Amino acid sequence: MTGAVKITNGGDIRGGARRTSIFLQWTFFIPAVVLLLLVIMAIFAPVLAPYPYDQIAMSDRLMPPFFAEGGSTDHVLGTDLIGRDVLSRVIYGARISLSVALLVILITASIGTVLGIIAGYLGGRTDAFLMRFTDISLAFPAILIALLFAASIGPGYWTVVIAISLLGWAPFARLIRGEALKLREADFVAQARIIGTSPLRIMVRHIFPNIINPLIIMVTLSVGMIILTEAILSFLGAGIPPPAASWGNMVNDGRSLIDVAWWISTFPGLAIGLVVLAGNFLGDWLRDKMDPRLRQI
Amino acid sequence: MARFIIIRLLQAFVSLIGISILIFVLVRVSGDPTDLFRTASSTEEDIVRIRANLGLDKSVPEQYWIFVKGLAQGDLGESLVKRRPVTDMIAERLPNTISLAFFSFFISMTLAFFLGVLGATKRDTFLDNGVKFIAILGQALPGFWVAIMAILVFSVYWQLLPSYGHGTPAHYVLPVATMAFFLMPGMMRLVRSGMLDVLDSEYVKLARIKGLPERVVIWKHALRNALIAPLTAAGMIFAMLITGAVVTEQVFAWPGIGRLLIESLVSRDFPIVQGITLLVAVVVLLVNLLVDILYAYVDPQIRYQHM
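Chains as they are written, first to last, in the numbering used here: chain U, 1 to 297; chain S, 1 to 307.
Here chain S stands alone, though its shape is the one from the complex (with noise of 0.2 Å):
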């Protein structure tokens, strides 16, 4: 076991590098940054000047080397048009993100799981059609699209919940709700299909041979392994609420860091745009990271199969 969380991390180390010199370059391929403080009285000099000072002149080697030092030390630069410190912006953002994709996780969730039980051991009723066609929609229709015909519903029309800004509980209830709606869909999918799987095996038709109240087969004995592949899925749930928030907080004004990546990339302010990938792309591995060892954990062929 702590062969395979060391070869897991030595792996997770190098996607880290190949993940930051593919943002590195990715961001440079873009416009030259100096346009931006280029005006029409800006001289020759004042543009070599600039690019000094932004560490420009130099090659992208050294400039990648300036940057990973910087990584090193905790620092991500700092914005070009702010002129503040990336890691002050993120930080300040950071809370109004976690909590809008907390909210919208837990919720989601929650009714993933019980939908997905639900519309398993009642399969084919009226309700397990009902649940499977919301869980179609919600994988069909635009999330942006949802959460502006949400905002035509609730605040334009009936007039009951703000639609953009945050401050109150109010606040919250629409970009959750249009969150959640786009995050459940999948989840419950594997739950309810999970749950189908276990609902046939034998040890669930020992249970019930045993007399056990069927509450007890189906919540305690069942969901218990129905629950492996769904635990898999949350490397791709996590990658859906990156999404989700990046669009969720762009149409209700939400001020996140999904927000403050669509700022800073129409303003080429690289730095952040570099700064919040990398977060995005360290808490990924980590959290694949931690899926792959708590799965190795649960089931030890895994170890040996990956090696």
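Chain U on its own, in the form it takes in the complex (with noise of 0.2 Å):
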């Protein structure tokens, strides 16, 4: 879940050419449609929602789905405790969840970028200070520190955007230093030196254009990771607060319900379940399709 390197199974593509790329079509094309109509869902939440995500009903309070015995189509996934409509919370959960994962990813990557050149390429005392500190930061469990954060700062949006930042940044540091390491002893970069090339030019215009793709990769592989890092957050209630939907703080409204109203918390858990589902699947085959080598992340 957080705080742990993302890991994946390599070697999984020394199978027969054939087969493997029909295999790697399909692990491509399903994510990619779920994160598309993710994204969908998230932009044109207020059209998609039957309901807005906040409008109570003590009349219809605790529906089932339309499916289950006592239901209605007027509610599709039901209602929690005080009415509100859960699809439409569900739909709406995804703007939260898809946004603060693309400020997460903004934040950390390019913090993570730029200290990872910096240690990779000028290497030393730098090097070596920057990356003790990188250590510890990827030794320590991130959802303590954001749990920390949160609970000081009081919950809300942007508390989970930086809290979860504080120690995200760390893999991508790790990733881009070991590339920009082995980029360093490269021909090309030696004679930009050689014809005196600034440092910090080489950085940007030699070795940034050829990180880009690990640094993609890395980037997919981290969206479920963030986007469970917030559902843990705001189950735990340091995240995002109520009356907000966040399909975290859904699971936790019905954790206490459980034995009357299954639904609450099962829809929520499953829309974050299909994300991070997505998101993994999509990262592992761009891994191996642009970089097998990198298959430690």
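Derived from the structure by calculation, the hints contain no laboratory data. Being a predicted model, the structure only gives us computed values, none of them experimental. The reader is advised that the hints may include incorrect statements.
Label-pair ranges, simulated between beta-carbon atoms [as the list claims (entries may be wrong)]:
id, chain 1, residue 1, chain 2, residue 2, range
1, U, L37, S, V173, 46 to 52 Å
2, U, I40, S, P61, 49 to 55 Å
3, U, P199, S, L212, 52 to 58 Å
4, S, K205, U, R132, 38 to 44 Å
5, S, Q73, U, S198, 48 to 54 Å
6, S, G165, U, P209, 36 to 42 Å
List of simulated lysine-lysine pairs, DSSO-like, C-alpha gap at most 30 Å [unchecked claim]:
id, chain 1, residue 1, chain 2, residue 2
7, S, K58, S, K82
8, U, K182, U, K289
9, S, K122, S, K220
10, S, K122, U, K289
11, S, K58, S, K122
12, S, K132, U, K289
In silico negatives: residues of chain S with every beta carbon more than 12 Å from chain U [stated by the list, open to error]:
id, residue
13, L71
14, F144
15, V204
16, E214
17, F238
18, L241
19, D292
Note that the Cβ used here is the ideal one computed from N, Cα and C, for glycine as well.
Dock the two chains into a complex; use the hints.
If you want it as structure tokens, here you go:
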């Protein structure tokens, strides 16, 4: 889940070429469609959702989904304790999950890339210092620091974004540093150095364009992890506060009602699982396609 | 080797100071804890007295110094709400967390090794795909949700197992199972891919040519080398164990330190939050130190690389 480096199994591409290629196509196509639908859902939530996410209807409280006994198609996935439509809240929840993931990735990937390139290219003491720092951040359970932070600032949207970013840059820095270290010895970098190119220019114009592939793979693979972390924080009450519809706090809302209204927790949880699954599959596919030697990440 | 260990110990010590400052600062960014003691009838003098009692009237560096001095004597301060020493409160709850973590760790690692090896040796069979499928689900489904679904099925629907509390062996089943489900996939995938690499190597081929039984080749010759990569992930597994414990204890109302942490967050009882986070930080650093030394011992190249 969180705080952990994403582990994926490699070696699967050693099978027959034709069979693998079909397999890879499907593992690209399905997750890509799922994520695309999610983005559409998030953008057009006000149009797609049958009800506003915070519309309370005490007369319709705890209605089961339409296929269960006593359910109706008025509320396809049922309603919660105060009569809010579960489907609408799941649709709106996509907004929070996705935008948090996007912001956190922007922050962590930028910090991680800058620190990683600097450490890898400059080497020496700078490298030793930055990587020690990175190792500590990697080893520490991210959720704990995020909880601490969220609890001290008070829960809220930006708290969640910053809390997850606080340690989230470390895996990026580690990966990019390794790539930069290898590129530093490359001939074209040596040539640039010989003709007197400044270190800054080498890092920006020569190293950076060559680490974009691993960066994209890492970004895709971390989407799932960020969404899970946001959900955990919201579930523990340190994330997005109600009445906003976050999948994590919806699961929490349903926790104490699990014996009377199973649907409140079930559907948002399924949504989280589906998105994370899609993100992980897409990341695996990209890695196998673009850079199979990166299977450790 | 001695030099390597000394350098690593020093680094761990510096890291610990860094983390303690980070935790100290983060906790104090939060709201004023005296708000907790404020009642309708409290006067300004009362508040000043409370602040003095809590040591909040001193400057932040002074507060940090008092905190570190106490720490050196094994004193983590006193709970703001319960007015009891933090060390006592943690000590009370710790056994519950350790027992939960121990069982789930033991079960998930056993399963991970067994299924990982099985997946690698019976590659692309129905069995391998089944195992992979479970691993993928375990990594994608949120742990807290899996726990709630387990309650729905086993406690609400079939009424087989208790859904919260602790005491009897039956209380262990659901928390341990959901936590193991969350811990297993990462390790299993590592074992599987490590095993796949090793099975391709020359010495495994040699062992086979020698005519050793397949069972010996895999479980004795191959597995030993396949374990090096998963060993380095011990730190990561530990971090996951902490995350798992916080979430699992919260869902099952398990009286461990994870739940104590969340309770204290809600009541803004910062000495407890600080104490638990610090305790975890120390253990994390120790685990990583141990892994580093063990790894350097196994692979001499590392000793020189990281000097």
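How the hints compare with the structure:
The hinted range of 46 to 52 Å is not satisfied by U:L37 and S:V173, whose Cβ atoms lie roughly 37 Å apart. Restraint check, U:I40 to S:P61: a C-beta distance of roughly 53 Å satisfies the suggested window 49 to 55 Å. Here the CB-CB span from U:P199 to S:L212 is close to 55 Å, well matched to the stated 52 to 58 Å. At roughly 40 Å, the beta-carbon separation of S:K205 and U:R132 lies within the given 38 to 44 Å, and the hint holds.
For S:Q73 paired with U:S198, a C-beta distance near 53 Å keeps the hint of 48 to 54 Å intact. Range check, S:G165 to U:P209: about 58 Å between beta-carbon atoms, so the 36 to 42 Å window is missed. Using a Cα cut-off of 30 Å, the hinted pair S:K58 and S:K82 holds, with the two alpha carbons roughly 22 Å apart. At most 30 Å may separate the alpha-carbon atoms for a hinted pair to count; U:K182 and U:K289 meet this at roughly 21 Å.
Pair hint S:K122 plus S:K220 holds up; C-alpha atoms about 17 Å apart against a cutoff of 30 Å. Of the pairs offered as hints, the one joining S:K122 and U:K289 holds, with about 25 Å between alpha carbons and a cut-off of 30 Å not exceeded. As the CA atoms of S:K58 and S:K122 are separated by approximately 65 Å, the hinted pair breaks the 30 Å bound. For a cut-off of 30 Å, the pair hint linking S:K132 to U:K289 stands: about 20 Å separates their Cα positions.
At roughly 17 Å from the closest C-beta of chain U, the C-beta of S:L71 stays outside 12 Å, upholding its exclusion from the interface. Its closest Cβ contact with chain U, about 5 Å, brings S:F144 to no more than 12 Å, contrary to its assignment away from the interface. With a closest Cβ-Cβ approach of about 15 Å to chain U, S:V204 is found to remain outside the 12 Å limit, as its non-interface label requires. No Cβ of chain U approaches the Cβ of S:E214 within 12 Å, the least distance being about 19 Å, so the stated non-interface status holds.
For S:F238, the condition that its CB be more than 12 Å from all CB atoms of chain U is violated, with the nearest at approximately 8 Å. S:L241, annotated as away from the interface, has a beta carbon of chain U within 12 Å; the closest lies near 9 Å. The beta carbon of S:D292 is not kept farther than 12 Å from every beta carbon of chain U, the shortest such distance being approximately 9 Å.
When each numbered hint is compared with the structure, violations occur for hints 1, 6, 11, 14, 17, 18 and 19.
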